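Enquirer: Residue numbers (the numbering used here): -1 to 722.
Derived from the structure by calculation, the hints contain no laboratory data.
Quantities reported herein were computed from a predicted structural model and do not represent experimental measurements.
Heads up, the beta-carbon is just placed ideally off N, CA and C, and yes, glycines get one too.
Among the clues, some could well be false.
Unchecked claim - Simulated crosslink set (PhoX-like; lysine-lysine; CA at most 20 Å straight-line):
#, residue 1, residue 2
1, K371, K587
2, K527, K545
3, K400, K234
4, K660, K682
5, K249, K207
6, K545, K501
7, K682, K700
8, K438, K587
To be verified - Label-pair restraints from in silico Cβ distances:
#, residue 1, residue 2, range
9, P533, L284, 24 to 34 Å
10, K527, Q693, 32 to 42 Å
11, N519, H194, 56 to 66 Å
12, Q672, A363, 42 to 52 Å
13, H194, E670, 40 to 50 Å
14, P154, E670, 48 to 58 Å
15, L563, L604, 40 to 50 Å
16, D576, K700, 18 to 28 Å
17, P171, R454, 56 to 66 Å
18, P434, F61, 28 to 38 Å
19, G211, E360, 30 to 40 Å
20, D576, R524, 14 to 24 Å
21, L604, R485, 47 to 57 Å
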Amino acid sequence: MERRDFIKTAGLLGSTYALSGSFTLAKPANPVPPANAFWLDGPMRWAQLAFVERDPGHYDPDFWLRYFKRIHADGALLSAGGVVAFYPTQVPLHHRSDFLGNSDTLGFLVEGCKKQGMKIMLRTDPHAARQNVYDAHPDWIAVNADGAKRRHWANPDLWVTCSLGPYNFEFMPQVNREIMERFQPEGIFSNRWAGHDICYCEHCQRNFKAASGLTLPQKVEKLDLTYRKWADWRMKRLRELWALWDAGIRKQKATSRFIPNGFPDKIVTGKEADLFFADQQARRGLMAPWSNGKGAKELRSTLGLKPLIGIFSVGIEEEFRWKDSVQNDAEIRIWVAEGTANGMRPCFVKFGGDIYDKRWMEAVAKLYEGYHKNEAYLRNTAPMARVGLVYSEQTDRNYGGKPWQQKSGDHLDGLYHALVESRIPFDMVNDRLLTPDDLKRFKLLVLPNIAALSDRQCQQLQAFVDQGGSLVATFETSLYDEEGQPRPDFGLAGLFGVSYAQKVEGPMRNSYLQLRHDTQNSQTQRILKGLDDTPRIINAIYKVDVKPTVSFPSPVTLIPTYPDLPMEDVYPRIAETDTRELYLRQVGKGRVAYIPGDLDRSFWQLMATDHGQLLSNVLHWALDEEPVATVTGPGVLDVTVWRQANSLTVHLVNLTNPMMMKGPFRELIPVEAQVSVPVPAGAKVTGVKLLMSDQKPKFELKNGKVSVSVPRILDHEIVALDLV
């Protein structure tokens, strides 16, 4: 069925909107009747219990059933088989839990969940096997580059299986079939199904040779031609596996689905998945707290409004994997709020049926109870953002190798953070979805060093601007084709109004940007807002040398590098240049801003407030229209706006915290905000609510806008406008 038809059939859109109709889904063997397809969009609050082998006979299933009922969980994700079977399996070599005896641990919990009206997804994990599997089928085991069979890195009693060979293609379909026949779940979710690194087993060697004529690459080197061919072959092989498992599952129950835990191409994910579980459990190290929202936006850019479930851990997810640990409430609440605000449905995961520390349970209960009470306001029918932040899987795969191309993901993170701090509602856009239908709701596209673009993609971006859209682009955007081959000039040179001068400079020590306040026009004032008393700010670290091909204003120019030691020599050798470091153009009804420096990456690495202010000013200038929501007040707030069948909601996630850029949060620091929202055309506002604090505030309706004060945002507040 057509993707858009499916979304309408499943009741996802309500009345108005689909992100893209440019792909069609493969038709199942037994087409799903509309009435039976609705379960996909039904569950809103999921619970995952990941059994450990000793759970049978050791944990209390009734405790979990009571908790599921208390928190209004309407979906359950439960461990079934693969490494360990938690039911009396009859499949040869499928290891039953040593603690199972004559019981059916999984069956008892499945039955209890179904009695509570919950939908059931069952989890498998095929990545490891025991010695008896090795003895019976040594060819099922993954092989290292040195020819050695691969022991499991965490449990040396186990062997790592080859994901692309007979274990997954012949053995696991038997497990899937037994699970479907026995429990009739809504689907099977498979963890670690895609393998670990390059496997050199006899099957991989033979199959890759037959597909490519090459021997397997000896190491992971993304720009190596052989490695790239292997990555393409692996993706095709995994797609075959997805299709095989899904077909077998649908044969047993037409409405059921196979859900892989991740797939190495989000376009394929969006095309093939009717719903998806995003395994983004928690942040670690220096991950930003908005990372869960970012992951949600990337997946939604290809999934559209299909159900997206966000798995989050109640434990700590750092390098050494303390799986029985507990995060503090603040960290859990912010992570879940970011996912929910950006269109994910929460799914907590608890490892093991035993509970050593119950502190997390109240935090999750409060979240779920609040989301249950306000469920109608979380059934989104359309995202309202007018700004699209472009991300590029093909650039990630095909770009890099030179000194100035390292840490290329920091470009995206820098502009993501700048948009958050600017409180500009935005969505993510996959650079392979740039048709007019994909882009029709956006006014502005932001390209953070989207270096690898095809001629067709460049033409699509040109067409977007021709239709009145605006662009902001940085650094080497469009200097390479889709395969990562360099172009003699930017593919978007005509839009940028500059040509490539065949050089990238940097790292530029002790270089600056001169702010030209002497040009008193509205454009300069807009670009230099908040930097009024500032003659210069620090420069980016690298810059592309370019030559302008049309006339430009000069609000930001270069002060070249000069010595930073000895101290006696620290003074500029050239005090002023006319080399522009920001190129601004009006192109028809659209605007184009090109930044030749890696200002976005430098902002992420340095967190310089001047960089953030300049990026924010450029974004607002390029947008050139009133935002879909204006939020003022102190602190750092992530703002997202959604439409529902009878309402419009503004999500405010409060990221204000002294530990904002490194987890865990120590506490939640409340802030206040004033929110102004234009009323959708043709709609009438009948009331305003603050959903998470359960208040009905006073509001003002004037000149087509609703204005409301939000007195306290602790972690997540949702301003809801009831509409008729």
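Enquirer: Evaluate each hint against the coordinates.
Expert: Comparing the hints with the structure gives:
1. K371 with K587: 44 Å, violated
2. K527 with K545: 27 Å, violated
3. K400 with K234: Between K400 and K234 the Cα gap is close to 29 Å, so the pair fails against 20 Å, i.e. violated.
4. K660 with K682: The given pair, whose Cα atoms are some 43 Å apart, is violated under the 20 Å limit.
5. K249 with K207: Answer violated: K249 to K207 is near 33 Å, above 20 Å.
6. K545 with K501: 11 Å, holds
7. K682 with K700: 12 Å, holds
8. K438 with K587: 15 Å, holds
9. P533 with L284: 24 to 34 Å: For L284 against P533, whose Cβ atoms are near 32 Å apart, the range 24 to 34 Å holds.
10. K527 with Q693: 32 to 42 Å: 34 Å, holds
11. N519 with H194: 56 to 66 Å: 57 Å, holds
12. Q672 with A363: 42 to 52 Å: 31 Å, violated
13. H194 with E670: 40 to 50 Å: 48 Å, holds
14. P154 with E670: 48 to 58 Å: 55 Å, holds
15. L563 with L604: 40 to 50 Å: Violated - the Cβ-Cβ distance for L563 and L604, about 20 Å, lies outside 40 to 50 Å.
16. D576 with K700: 18 to 28 Å: 46 Å, violated
17. P171 with R454: 56 to 66 Å: 38 Å, violated
18. P434 with F61: 28 to 38 Å: With a Cβ separation near 54 Å, P434 and F61 fall outside 28 to 38 Å, so the hint is violated.
19. G211 with E360: 30 to 40 Å: 59 Å, violated
20. D576 with R524: 14 to 24 Å: Once the Cβ atoms are compared, 21 Å apart, the range 14 to 24 Å for R524 and D576 holds.
21. L604 with R485: 47 to 57 Å: Given a distance of about 30 Å, which is not inside 47 to 57 Å, the answer is violated.
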